[in-house]
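Protein chains in written order, with this note's numbering: chain A, 3 to 213; chain B, 241 to 700.
Nothing false has been slipped in among the hints.
EDC-like, lysine to aspartate or glutamate: derived pairs with alpha carbons at most 20 Å apart: (1) A/K18 <-> B/E451; (2) A/K71 <-> A/E37; (3) B/K498 <-> A/E57; (4) A/K71 <-> B/E451.
Here's a subset of chain B near chain A, in silico, CB distances under 8 Å, partners left out: (5) F450; (6) L495; (7) I578; (8) L579.
Chain B stretches covered by chain A per the calculated footprint, using a threshold of three residues with CB under 8 Å from any CB of chain A: (9) 332-340; (10) 344-351; (11) 435-448; (12) 564-576; (13) 611-620.
For the record, the hints were derived by calculation from the structure and aren't laboratory data.
Note that the structure is a prediction, hence the values are computed from the model and not measured.
Cβ atoms here follow ideal geometry from the backbone N, Cα and C, with glycine treated the same way.
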Amino acid sequence: MGELTQLAQAMADLDKNHVIALVENKLKGSIPPLEIVKELNDGMIEIGNRFTACEYYISELIFSSHIYKEVMVFLGPHLSQIELDQKAGTVVIGTVRGDIHDIGKNIVVTLLRNAGFKTIDLGVDVAADKFVEALKETRAKALALSCLLNLAITEMKNVVDALVAAKMRDQIKVVIGGQPIDEKVCEYVGADYYGADAPAGVRICKQIYGQ
Amino acid sequence: MSEEIQQLFEERLARYQATIALEPTDRMVVAGTGSNNFAEIYAGYSRQEIMYDINKWMAAESKFAEDFPQIDLLRAGRIWAPLFEAVGFKLYKLPGRDLPTDIDFQFVEGEWMKPEDYDLLIHNPVEFMMEHRLRRVLGEFKEKGSVRSYMAFLKGGMAFMMMGQLMREKTLNLEKKHGLPVPTQGVMLAPFDVLADGYRGLEGIMIDIFERPEKIMEACSALIPDLVNCALGTADPLKRYPIFMPLHRGNHPFLSPKQFNTFYWPPLFKAISLLIEAGYTVRAYLEGDWTPNWHHWNEFPKGKILCDIDNKADVARAKQEIGGTVCLAGGILDRMFILGTPDEIRTRVRELCETVGKDGGLILNGGCAIPYLTKPENFRAFIDATLEYGKYSETVKPKLKEPPTLPAGGPVPGHPPRVITPWQVRAKELGGVMGDEKLIKEAWEMFERRAFCWLHFWDW
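Using the sequences and the hints, build the whole thing.
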């Protein structure tokens with residue numbers, strides 16, 4: 003990526019008031035909303051990079067989402083849904099059944115969106131058949147399973163087994179992550195990859211989509 | 241209690257105390273876990289039965305103690321669901337009610353305090369609780385002033401006292417029948433975690449860091465005296481056991497080092513220091529990965545803290561960096577208890593005994609817990625291997641610690657345990673009493689103090 007624009011830089015630096023003022027000015031100056039979004043997204047990509055480089059933390063990620071949401075309150079109505087669609091690939095993601103924790107999943111979703119992925123976030127406590135259904139509907143090639151609790155070890159295996167039963171296993175790459183997940187668990191679950199942290203999960207999704 | 245059981249109890253407790261104090265012991269503590277989740281369901285009861293039926297819970301503990309008589313500690317208290325039913329507490333999803341009966345209870349993340357409530361929390365915590373927070377988190381208190389809301393408070397107070405009594409009975413059952421000490425008694429949260437967990441929620445607190453940082457710092461400072469006084473109100477009066485502190489948002493990468501050093505650590509350090517000055521030790525769960533932040537634990541005096549190291553961090557590195565100051569627990573991956581074999585467990589225990597734990601100061605454990613899904617044969621191998629490889633001395637016999645005396649001026653100088661209506665107000669209303677005023681005052685203040693703590697004790 004080249005030099006950041008003033009707006010992208012303000013976004014990357016989490017300067018909320020400056021971001022809002024710049025977006026308001028651009029709208030008044032009839033700058034196409036999609037260009038404004040592109041600049042904001044460049045800032046979000048930089049935020050993701052800084053998180054990966056340990057210059058930013060979850061606090062900064064959450065605050066960046068807050069700024070983005072605030073801007074979208076008045077910028078969103080100027081955009082069509084098609085314009086907002088992301089192009090890097092589609093990832094179906096959720097916390098598996100029995101587990102209602104979503105902090106880790108939400109961080110991955112933020113980073114994936116920042117990296118240009120369309121994410122189908124199924125939320126928490128998601129049953130295996132819901133993942134299968136979403137993969138069929140979206141034709142996504144990547145499934146990301148998240149968890150905090152140990153019970154997810156067996157539940158993630160259930161999800162992979164459900165993909166096998168639906169005869170979809172060879173079309174889908176499964177990446178898992180969360181507190182109890184490591185190489186051995188990945189092997190037990192029958193997933194393709196595990197992400198030791200959120201940035202690793204995003205790297206794997208990029209790899210799946212050949213980026 | 242038979243003399244033999246009494247002796248066993250004292251030996252185990254003295255070993256645990258000496259281990260925390262980083263003093264010589266005869267051997268490693270066996271299964272010295274704080275949260276033995278496996279023990280709760282080993283007897284075959286569902287999570288729901290354990291949380292709702294105290295008799296089954298007690299039977300489960302006895303069964304575990306009988307089947308694994310070599311363990312040195314067993315948890316007696318945790319969450320008793322009827323308390324939450326009494327008031328309709330919303331911050332947990334419970335097995336059998338909101339979740340299938342064999343799924344662990346879980347915390348419900350959310351914004352339970354508005355940003356504009358900070359000033360009230362700081363300056364008038366009672367009004368903050370009664371007018372704002374409790375109406376959001378206690379479903380039965382939603383319509384304040386209704387008959388149902390009065391009943392909720394009556395039921396809640398009764399349930400709170402009943403839970404205290406039941407937990408004491410369970411603790412005594414383990415002590416008198418099985419010679420087992422408990423790993424902790426009493427609980428305190430980090431001031432920042434109080435705000436981040438059950439008040440503002442994760443998103444709220446992270447926004448506050450950027451938009452109202454001074455309010456977080458003021459609120460954390462304001463919370464310290466009440467948190468400490470209420471923790472001491474539930475701690476072991478004989479000071480035998482550490483006070484439990486589950487620590488959440490000090491976990492990397494939630495906060496930057498600067499944010500951790502600004503918001504998280506100073507109030508936590510102050511609060512723990514007050515507990516130590518009051519003669520207690522602390523068992524802190526460093527949940528997640530505390531590696532970049534754990535060097536701060538070296539600021540405490542040696543031998544007063546036990547830190548549980550979670551699976552995401554390396555206990556060997558913790559030993560190098562903070563093991564000279566605090567005792568550590570951990571070292572075995574949860575998945576090894578769940579998916580591994582007895583041989584793998586033995587190998588790992590041996591490795592830890594010969595390296596990290598060779599000079600003491602280590603309690604072998606999973607990541608802050610023994611997992612629910614542990615295979616019984618793996619737990620047995622864990623015990624056997626600890627006994628085999630965790631020996632230190634044939635001659636050392638740790639002695640029970642004498643409880644230290646409370647510092648003059650109370651545990652939090654200038655902040656006696658809070659009451660809502662002081663005795664002076666009541667005494668004025670009465671216009672004098674005919675007998676011993678002290679007796680009446682003590683009764684008045686006992687309930688005032690306990691009722692105030694009850695307002696606080698929901699979210700841990």
